[in-house]
Amino acid sequence: MSKRHPLVLAMAGFGYAILYIPILIMIIYSFNSSKLVTVWAGWSTKWYGELLQNGQLAEAAWISLKVGFWSATIGVVFGTMIGYALARFRRFKGKLFLNGMATAPIVMPEVVMGLSLLLLFISMENLIGWPAGRGLLTVIIAHATVGMAFVAVVIQGRLSDLDISIEEAAQDLGARQPYIFFAITLPIIMPAIIAGWLLAFTLSFDDLVIASFVSGPGSSTLPIVIFSKVRLGVTPEINALATIIVAIVAIGVILANWFALRSATTRSTDNS
Amino acid sequence: MGFGSLKRYLVIIPPMFWLGLFFLIPFFVVLQVSLSDPALTRPPFTAIFTWDGWWPTGFLGDLENYEFLLSDSLYINSYLNSIKIAGIGAFVCLLIGYPIAYVIARADSRMRNTLLLLIILPFWTSSLLRVYALIGMYSPNGFINSSLSWLGIIDQPLQLMQTDFAVYSGIVITYLPLMILPLYAALEKLDDDLTEAASDLGATPLATFWRVTLPLSMSGIVAGYLLVFIPSVGEFVIPALLGGPDQLMIGKTLWTEFFNNRDWPVASSVAMVMLAFLVIPMMFLRNTQGRREA
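Those protein sequences? They're chains H and Z, same order as listed.
Per this note's numbering, the very first residue in the first sequence carries number 155; after that it's consecutive.
Per this note's numbering, the very first residue in the second sequence carries number 68; after that it's consecutive.
Incorrect hints may appear among the rest.
[Claimed, not checked] Derived lysine to aspartate or glutamate pairs resembling DMTMM-like cross-links, with alpha carbons at most 20 angstroms apart:
id, chain 1, residue 1, chain 2, residue 2
1, H, K189, H, E391
2, H, K383, H, E204
3, Z, K74, H, E322
4, H, K189, H, E204
5, Z, K256, H, D315
6, Z, K151, Z, D231
[Claimed, not checked] Covered by chain H, according to a simulated footprint, are these stretches of chain Z (three or more residues, beta-carbon under 8 angstroms):
id, region
7, 89 to 96
8, 175 to 185
9, 191 to 204
10, 303 to 315
11, 321 to 334
12, 338 to 344
13, 347 to 355
Hints in this document: simulated from the structure, not taken from any laboratory.
Only a predicted model underlies this, so the values are computations on that prediction, with no experimental measurement involved.
From the three backbone atoms N, C-alpha and C, an ideal C-beta is built for every residue, glycine too.
Input sequences plus hints: build the corresponding full structure.
In structure tokens form, the structure reads like this:
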């Protein structure tokens with residue numbers, strides 16, 4: 155069987171085109187000087203200028219960055235603990251329960267997640283007075299809950315690939331458990347922890363549905379503001395904003411991939 | 068390997084407490100609200116227990132909201148339409164994703180890395196913005212319509228927005244990476260010797276595909292299908308931005324019930340029924356994942 159049948163290649167190319175053409179068109183139109191999306195009136199960067207003047211979008215972006223940072227940080231700490239417990243503790247009470255609860259947020263529909271957390275926050279406020287109202291804190295808690303599930307899966311996967319004999323050797327040589335974790339395990343899984351943090355941050359930064367339920371006045375995240383604008387149709391400012399976000403993500407992903415490849419090659423040359 | 072038992076619980080208990088409080092208990096709160104009645108109070112629903120101090124003395128909940136869901140065709144149609152759209156959408160993702168996963172798995176290692184990167188890249192960019200990009204393609208004055216009329220092929224803009232086609236496109240552009248990654252994982256493990264043996268024994272390429280490659284990649288197909296199907300059922304952004312007002316999907320119906328009608332008890336019962344629908348595919352997904360890891 156031929157490895158590269160032209161028909162198969164054409165179908166694959168078609169799939170890539172479906173993913174990329176809308177984004178490329180959006181990027182091109184962000185440089186259109188006309189306000190009308192239909193009319194091409196020449197290249198211009200004026201929408202990027204307008205974007206910088208837009209206080210509402212800037213404020214929402216700042217809120218989203220804060221929410222993303224804190225939820226990813228909480229998510230990474232708890233997610234690493236879950237992943238470590240699931241991969242390294244042989245048997246403990248509630249392992250199955252923890253495993254189920256840690257993976258369920260990944261497949262839970264966002265509308266259900268958002269609604270249930272909002273109802274919880276309201277019940278808790280009535281019962282114990284905390285959290286007082288909806289705002290940054292409630293969005294951070296909600297996003298951290300989803301984020302830690304994804305981090306746990308990443309960490310658990312990394313730890314089960316990791317050769318346990320390194321940790322066992324340290325134990326045989328008399329090192330104590332917390333020391334082994336911080337001196338050996340943690341540095342080795344650090345790339346996975348960073349990837350988990352970035353994943354949790356991205357999920358938080360992109361989320362519209364959960365944030366719409368649990369945010370309050372003054373804590374509208376960037377996706378909430380974008381959604382309220384694009385409901386009415388295409389706007390050149392959002393094209394410009396989307397282009398900036400796509401560019402940052404693309405550079406980040408390509409750099410991360412380059413570093414990963416380079417460290418993989420260095421490691422394999424070291425070993426030989 | 069692992070900590071001593073006391074220290075272990077220092078690792079296990081904090082995240083377990085967090086998930087118990089912020090993931091498990093909320094479902095009981097939703098269940099409770101789904102049994103209550105709407106009220107003109109803050110929050111807008113009645114209590115379902117009467118209390119004497121810390122002791123519940125009476126139960127006032129009922130199944131009225133669930134009976135209401137059954138009696139109004141809006142909800143039944145929303146559920147059925149969501150399952151239809153998610154089912155077909157996941158199948159379209161499979162048809163588009165399989166050749167991509169196949170080409171990636173069969174490419175040499177340098178090329179493979181680049182091709183995989185091109186699949187992962189959109190996955191890291193906001194799905195809201197990818198769906199938004201489709202509006203720019205499909206709207207009456209969007210890229211496709213303006214190109215076609217510029218070429219003189221059409222006089223009137225085509226109705227691309229607010230159609231099933233637009234919603235399926237949204238599912239593909241949002242969830243295609245989730246289909247490709249498990250397919251790739253399954254196809255990558257496939258031993259070339261098996262397909263070569265089949266063709267040596269006289270099987271045509273098509274027969275080899277149907278009888279060797281496809282069955283051996285079944286675990287990836289099932290995982291990918293469920294990974295697209297499950298979130299698509301409850302999807303809100305795609306039907307809200309690309310679908311028409313009469314296009315019912317359960318995520319959008321729940322949203323409208325909650326934010327526009329402010330009927331929290333009905334929204335809660337919609338959520339409970341959606342969960343009941345999704346428990347089976349979710350368990351199924353967990354089993355396929357578990358078997359793959361073992």
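Results for each hint:
no.: 1; hint: H/K189 - H/E391; result: holds, 9 angstroms
no.: 2; hint: H/K383 - H/E204; result: holds, 15 angstroms
no.: 3; hint: Z/K74 - H/E322; result: holds, 18 angstroms
no.: 4; hint: H/K189 - H/E204; result: holds, 12 angstroms
no.: 5; hint: Z/K256 - H/D315; result: holds, 16 angstroms
no.: 6; hint: Z/K151 - Z/D231; result: holds, 11 angstroms
no.: 7; hint: 89 to 96; result: holds (count 7)
no.: 8; hint: 175 to 185; result: holds (count 3)
no.: 9; hint: 191 to 204; result: holds (count 13)
no.: 10; hint: 303 to 315; result: holds (count 4)
no.: 11; hint: 321 to 334; result: holds (count 6)
no.: 12; hint: 338 to 344; result: holds (count 3)
no.: 13; hint: 347 to 355; result: holds (count 3)
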